[in-house]
Amino acid sequence: MANELLFFMEVLVGGLLAGTMYSLVALGFVLIFKASATFNFSQGAMVFFSVLAFCGFMQDFNIPFVLAFILAALLMVVVGLCTERLVLRPLMNASEDTVLMATIGLGYVLEGLAQAAWGVEVRRLDLGIGDFPVPWIADNLKLFISALDITAGLVAAIMIIGLFLLFKYTKIGLGLRAVADDAGAASSIGIPLKHIMLLVWSAAGVVALVAGCMWGARAGVQFALVDLALKALPVLIIGGFSSIPGAIIGGLIIGAVEKILEVYIGPFFGGAIEGWAPYVLAIFFLLYRPEGLFGEKIIRRV
Amino acid sequence: MSNNSTNILDIRNIEVMYDNVILGLHDVSLKVPKGKVVALLGANGAGKSTTLKAISTMLASERGKVTKGSIDYDGNSIEKQNPSQMVGLGMVQVLEGRRCFGHLTVEENIISGAYSRKLSKGDIDQELEKIYGYFLRLKERRKSQAAFTSGGEQQMIAVARAMMAKPKMLLLDEPTMGLAPQLVAEIFNIIKELNQKEGVSILLAEQNTNIALKNSDYGYIIETGKVMLEGTAQNLLNNDKVKELYLGISKKGRKNFRDVLKEESLKKKSN
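Chains as they are written, first to last, in the numbering used here: chain A, 3 to 304; chain B, 171 to 441.
Warning: the hint list may mix true and false statements.
In silico BS3-like links for lysine-lysine, alpha-carbon gap of 25 Å or less [said to hold, decoys possible]:
1) K170(A) with K309(B)
2) K201(B) with K238(B)
3) K336(B) with K288(B)
4) K196(A) with K235(B)
5) K288(B) with K170(A)
6) K170(A) with K313(B)
7) K288(B) with K309(B)
8) K338(B) with K201(B)
9) K201(B) with K196(A)
10) K173(A) with K204(B)
Where chain A lies over chain B, by a calculated footprint (3+ residues, C-beta under 8 Å) [stated by the list, open to error]:
11) 249–257
12) 260–274
13) 280–289
14) 368–377
Everything labelled a hint here was simulated from the structure, so no lab data went into it.
Every residue gets a Cβ at the ideal spot worked out from N, C-alpha and C, and that includes glycine.
This is chain B alone, in the form it adopts within the complex (with noise of 0.2 Å):
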């Protein structure tokens, strides 16, 4: 492989076990395109975080491991990596939930992202001008402990501290979670900046399938560990089952596409 290839990430084929029995991913295969945004979109349970921390190789941490297919970073395998060489490769993930350090004001939750690199004191605070940036509403609390900020501020928080590490990708396990819509919509902005600006190469695992679309380039659905359906963000908006199953626009129950998969199959034998 060479470092000119125009995919940042190129998944092929894992599958991944927990404690060697568990299977957590069965058939997962996706690309990301340098500097674009990337959609992985499934229900809780689905395999998204799972995804993500076989990328970036904190799946270790809990006893999971790729058994199968291979995952490739900027050209290279990253098999034999561990997460702190991943951030050292311009890789970072903001784990699901946010996961600010509670008893560290937000300045000091920022600059711990910086901890991989080796900069002096004015770097560093030339480096948190601009990511405050990004994040004005950071700036305005950044003495205060970061467990006394809102849940959208420390989502803000966690992606702050992930572009402290200057990566050329970054993962994000459901930015959204739990927020209010308008903090939703502020989030996106952010992270469509952070894209464009920074041309940070973005994975974007979500269950808010329409907004999630809406600000990515191309987008995957997975289902019980196993990509269902993918191709460019709208087509998938378009997409009469995405919009049955996952924009809830449809007189009918909600399904999976295992589900209409069988229906369809059990229409064809009748014909």
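This is chain A alone, in the form it adopts within the complex (with noise of 0.2 Å):
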């Protein structure tokens, strides 16, 4: 019975600690669709360029990992920087749906110059953290838990408090909360959309890349990360897509529940339930709570 229990507790804590993964990146999908009305569909391709660029940079031209590390967050901002450019403000004033559609596009872009970059191929990508349980808890509280779920965990953890500090506390981050209360207004008061574009994209952008490196080091570098960041939408569905504290802890569900299910109900569907066991959960959410739980119904931007 103490087995079974402690076996549990493995589960549902490795399931938060990746969920944890899933947060950052639906944190990603937030700011963008705060500021921009819009649900970022390139997200993914943004999480497989950026970590291919770093693997590129570190593999290909032997560039130090922090240094590595430092160009790809760089190249994400300039990504930022095209995508306000050359197609947010274009289609400043067209519809909503016009837009998603172009990030849909985008996606396809990214994902077809990261590969015309730095070929097609599943790169391994070494953190110099191993994917095996961590000795100490395992001796201590004889739960079994990967040194790179843990790793996850607190990297995510750093970069959600960032962000929050960065948002709350920073003139740029008071122009990004007025932007996405009331565009229209924050322009009548001289808060230049596109600086706030810029910020909320590049903040994607860097976010896309932790999570890149933290799933590119388990499963590889590869084309399947556009699919798994895309868990995002489940996440937002649960959480709801303009709160913040949702896109967290529904990260944290998803992350939570795929895996339980996974272990505890994936047998009797012979496996593999993962990938589409959180699209399920998302179905019954649109059913019975399509404002997600956080119950801040979706604000659109009129």
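Quick one: dock chain against chain with the hints and give me the complex.
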């Protein structure tokens, strides 16, 4: 009995830690949704693009780890800049659906560019953190929890806190929250929308890079990362599209639930239900609580 | 044009189109002398908001465009400007319907108005205190979320926020819409005070003809995108047609200027 409980705890903690990465990626979506009222379908491609560039800098050009990471982050800022200038600004007066379609197109462009520049083979990414149970926790708590999961959880937590502080206490953060509430009014008092867009897309890009590193270290840097990042969609349906706490908690729920379902119910379906179980959960939410857990109604810019 | 001209704003015969087909304004000319309050009066849909947005260049975000005529602000054409540049030049619009940032606190809302200025934390605090001097009510509520304040308080937030940008000119779009009479008077007192103590020139769009004219120096009346009548506030208040059509001092039903002009021309013909 005790063993079963321990096993359940292990699955739960592993799921929650993995869920922090979903939270982080979902946060990237929420930022863009708040600032430009559109769901950014290219976020998955941004994950793939950024981490592939990071691997490419390290492996093809022998650039040291830290420098390569900084370069990849800067590259994502440039991507954000180009997106604002070439896609969002010309579509400023277009409908939300048009912008949505544009982000889908942008996703394909990024995927294509990444593969054209760095090739199509799966790359191995070694962060120097093993994907094996931490001995201290295994000995003292009798839980087998991967060091990579713990690192991912910590990194995500630090980034979430960092973003929170940025939004709460800096001038540009104030500008971002103002634009998120009422872009027209923000523009009327001289908050330049293009700066805010640039900030939001850059932040989403860096978040994508971090998530890509964590996922890439486990499963290899490959095309499948695009779909993995789109798990943020059920996360947002559960948490609520416009709520930052919703994104964080939604990510944790998806992480935990998909692992638990995989372990306990998966065998009845022949396994591998992790990939689609979150979407089933999302459908239930759409049917019974469409505004998400946090009750903040989906706010649409008019 | 030189900067010494007495008009801070000079609009000549502008026409505005939305989506290249819908005519928003077809002939509006108006002037705002430096340091004065000018009222722009008219019913719903007359073109008051469109005129203000043409001045603040916010038309572009609504697919509108000035297709004829010219707008000069402080001696220079505004043709090539965007809204944040206009704020930088000292022209701030307070949009219709208050438009506070609901999730931000009252104080954050006001501080956001200083976004276009490069101020230190100390400067911002100093400016805030000055602004609170005009909006005592807001100081008490500084930590509340703006969405939970009353309509009057939200209007004050919107004006206070605009004042944080240190404007030379304010465009106020129906600042008293939906407010109780006592609050209407309070808002107008603040507007007067800002005009006199801070020297801000004001262009005020209102439906509330009576109180707007009582607090203005000059007035324009527009209907269906055209200026129908203009004059000093005192003259307009005493004008029989204005009394009849806009101040409700009449035994006949309400009409607009166009009907009156038609009647007069018919009378002339029959004579």
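Quick rundown of the hints versus the structure:
Using a Cα cut-off of 25 Å, the hinted pair K170(A) and K309(B) holds, with the two alpha carbons roughly 21 Å apart. This hinted pair checks out: K201(B) and K238(B) have alpha carbons roughly 17 Å apart, not beyond 25 Å. For the given pair, K336(B) sits about 12 Å from K288(B) by alpha-carbon distance, which is consistent with the 25 Å threshold. At roughly 21 Å between alpha-carbon atoms, K196(A) and K235(B) fall within 25 Å of each other, so this suggested pair holds.
A C-alpha spacing of about 19 Å is found between K288(B) and K170(A), which places the hinted pair at or below 25 Å, so the restraint holds. Simply put, K170(A) and K313(B) have alpha-carbon atoms about 14 Å apart, close enough for the 25 Å limit, and the pair holds. Annotation: proposed proximity of K288(B) to K309(B) holds, straight-line Cα distance about 23 Å (limit 25 Å). For a cut-off of 25 Å, the pair hint linking K338(B) to K201(B) stands: about 15 Å separates their Cα positions.
For the proposed pair K201(B) and K196(A), the alpha carbon gap of about 32 Å is over 25 Å, so the pair is violated. Proposed proximity of K173(A) and K204(B) is contradicted: the alpha carbons are some 32 Å apart, above 25 Å. Using a Cβ-Cβ cut-off of 8 Å, 4 residues of the region 249–257 of chain B lie near chain A, which meets the minimum of three, so the contact claim holds. Evaluation of the coverage hint for the region 260–274 of chain B: fulfilled, as 10 residues show C-beta separations to chain A shorter than 8 Å, against a requirement of three.
Proximity of the region 280–289 of chain B to chain A, defined as three or more residues with a beta carbon under 8 Å from a beta carbon of that chain, is established by the 5 residues found. Counting residues of the region 368–377 of chain B whose CB falls under 8 Å from any CB of chain A gives 0; the rule of at least 3 is not met.
Going through the hint list in order, the structure does not satisfy hints 9, 10, 14.
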